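Quick note, the sequences are listed as chains S and Y, same order.
Quick note on numbering: the first sequence equals residues 0 to 430 in numbering that gives the first Met the number 0.
Quick note on numbering: the second sequence equals residues 0 to 431 in numbering that gives the first Met the number 0.
Do not rely on the hints blindly, as some may be mistaken.
[To be verified] Short, incomplete list of chain Y residues facing chain S, as computed with Cβ under 10 Å:
hint	residue
1	A135
2	E139
3	H274
4	K278
5	N385
6	A389
None of these hints come from the bench; they were simulated from the model.
Computed from a predicted structure; not experimentally measured.
We put the CB at the ideal spot given by N, CA and C, even for glycine.
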Amino acid sequence: MPSVCFYFQVHQPVRLRHYTVFDKNDQYFDDHKNGTICRKVANKCYLPANRLLLDTIRRLGGRFKIAYSITGILLEQLQQYAPEVMSTFDALARTGCVEFLAETYYHSLSFLYSRNEFAEQINKHIEAINYYFGQTPRIFRNTELIYNNDLASLIESMDKFDAIITEGADHILGFRSPNFVYRPQGCKKLKLLLKNYSLSDDIAFRFSNRSWPQWPLTADKFAQWIHNINGNGNVVNLFMDYETLGEHQWEDTGIFDFMRHLPEEILKHPDNSFKTPSEVVQSYDNTDTVDVPHIISWADTERDLSAWLGNAMQSNAIHELYRLEKKIKETGDEKIITDWRKLQVSDHFYYMCTKYFADGDVHKYFNPYDSPYDSYINFMNVLDSLHCRCTGSETGDKLCSVPKQDTTKSILGVEPKGKNPPSLQPTDQIT
Amino acid sequence: MKIFMLGWEFPPFISGGLGTACYGLTRAMDQLGMEVIFVLPKMVEEKYTTHVKLLGPGSRKSAFSLKSSELKNVKFHTISSPLEPYSTAEVYQKRIEETLRLKREAQLGHFTSASQLVTSIDYSSDMYSEVHRYAAIAAELAEYEHYNFDIVHAHDWMTYPAGITVSAISGKPLVIHVHSTEFDRSGEHVNQMIYDIERQGMERADKIIAVSHFTRNIIISRYGISGDKVEVVYNGVQRNGSWSSLSETGIKKDEKIVLFLGRITMQKGPEYFLHAAKKVLNIMENVKFVMAGSGDLMHRSIELAAELGIGQKVLFTGFLRGEDVQKIYKMADLYVMPSVSEPFGIAPLEALDHDVPVIISKQSGVSEVLMHALKVDFWDVDEIANKIIAVLKYPPLQMTLRSHGNFEVRKLRWKDSAAKCAKIYEDLLLPV
């Protein structure tokens, strides 16, 4: 009698343009590239997948249900570059079978660095979901399913949510199964939904892998695996990136056919059902509490933060970014604040990851830079420029060394004209 | 397996990466138990013979046989000749004149070194015939060895005619090892004679070893050689481990040091280094740029530094050896190799081995193997400057590059290069 709970993460970062230390403007983002990628992913994934899932919901008369978490930064881009995707999401929202989750608007790591910023971004996201889809999210998922006890307490104290979603990592569950509803350690009302990473990754990562013994994965085979859980769990949480459909697993792998047939195969057994996260929370009581003192995530094999904060460049970049929070917000300048927030998108730090060789393939595929070093340099140049804008200073950076003296001219025997030679830094252009 | 190897230079008589590569490769072959007869077109000066044992001096008219105490399976033959790997015809002419002058002095009774005594053969008057004279002597040496070897392995253009000759008279397969081509050294202004020698060598070789895919592409596209004849064997790096404490230098510690180390020639892109330096100095002040090396563009580079108004920020050290190289690496915060066309580039690996992060040009073989290096197009002066500034300004960047780079270098071992050569030899020797 297990219920199947599908939740898809829908996100695209805003990529920076090539920005050198010599650039003196506030055009940080590569609109052309972002637009191109957004339209490409829309055509390969969002549009066909939305159409497919909408058809399925209508065909099954509302017995098929799904949930989405769409980042604010993607909603903005879709609105701008692929508005037709927005209308298909809207159609999905109006079926009553689709739930939208809340997260940080900018897909940020703000929980780790600034609780204020974290709360502001969640509120901004709730507003956006409300505005576009007429729903007020009751379930929270943090960026990359980053989670620990503190996060659960914080989310409970916000008094806006019924449950939180995270990875069903082995080391937090021990012998227990992810197929039950749990309660976070230290929480009284909040529930915890855990990703069944084994079954989720069968679709998300292994689906097209021909060296996998289970290849090819068919809908009836997968439905049988789900059914095997009968008696040992209430809910199977299949959480994955939406881009799995058509972008990570290309259309020619048969992923769309798989998804088209899967719901019927699962519903063949009368005990099985589909539920949205909110329905799961209402249907099942928590069985046990889960204690997560250390931070976990759904990334890589480590299920930790090392993909974003694993090296010195990453932690330096993110510390410098959040160190600016006060100065940025004091400016009251919407453009500056928005630029700063767009720099918080976790992908910027993911690009700086140097863990090449183990899970390097995934990292490299999504990386617009030639190397993690290039990405760090670019990010820091942008951050430096942003710093200059909010302090109004010339260089914004103490490391730019001693104030300039024009020593070259005197060496060549040419005296600088006038007592106060104009500064070489174009202050006016910066502000 | 016994290899008859024809080289240009060998430490300590080196002027560039080729000698380092030949040393690394033969040493590794030695350790793998391969026997190498190494023929060199170089005079051996007395002061360097202390750690090399002379086997049969005077047994050949103009060849020395040496045996290094360090390399037990390697036997050296040196042929006295003023040839230098990176020489031009004009430089060669000067050296001939210099040698003749020394010889005249020697005849007057001023014997300054033992080596001058054996330079008895008449020097030919141009490089072309010198290359062929080297070939003739190499052939004699091959005969002297009773053709008791399996493979002829020739390093770079000057030894190709010798390789072809020895291979022809001995009937042993010829492998040529391309460490650089005329297009790397001279851009589009190739010396037709050298190009012809290179092309002939490549055509006559049974197998060609290129030091990178970058070079392999040049061999295929510029010399019209079929791709299945060309294998890539990357160079390794001779790890230093620890080195003794070095005496301090006159450079202040609060100044950052950006290093260019290599021949100051068109190929190495010194002008891009200087133009980038200028841009860096527009933004940062406490930086010194050190150009270590010599070459035909040295004077032009000194002038250019002055023209750019950064003369006081650029130091020229001349050609460095041994401990001086260690010292300069120890001082450097960053190594930049803006080569226009670099078949491989061992120097950046040495820099990384000395914990100095590197910026390398994408037009280089070494950029194929290094992940943990900053890469630039040699002509993109803005980007070079952008990256120099970033490394100097952000310690975490320097730290990450350094630790990962140093680790990465350890994976480039001469032993693997030698093993790959051995595999190529074996394939050649298989009965068809």
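(request) Output the numbers, in ascending order, of every earlier hint that fails for this structure. (result) 1, 2 and 3
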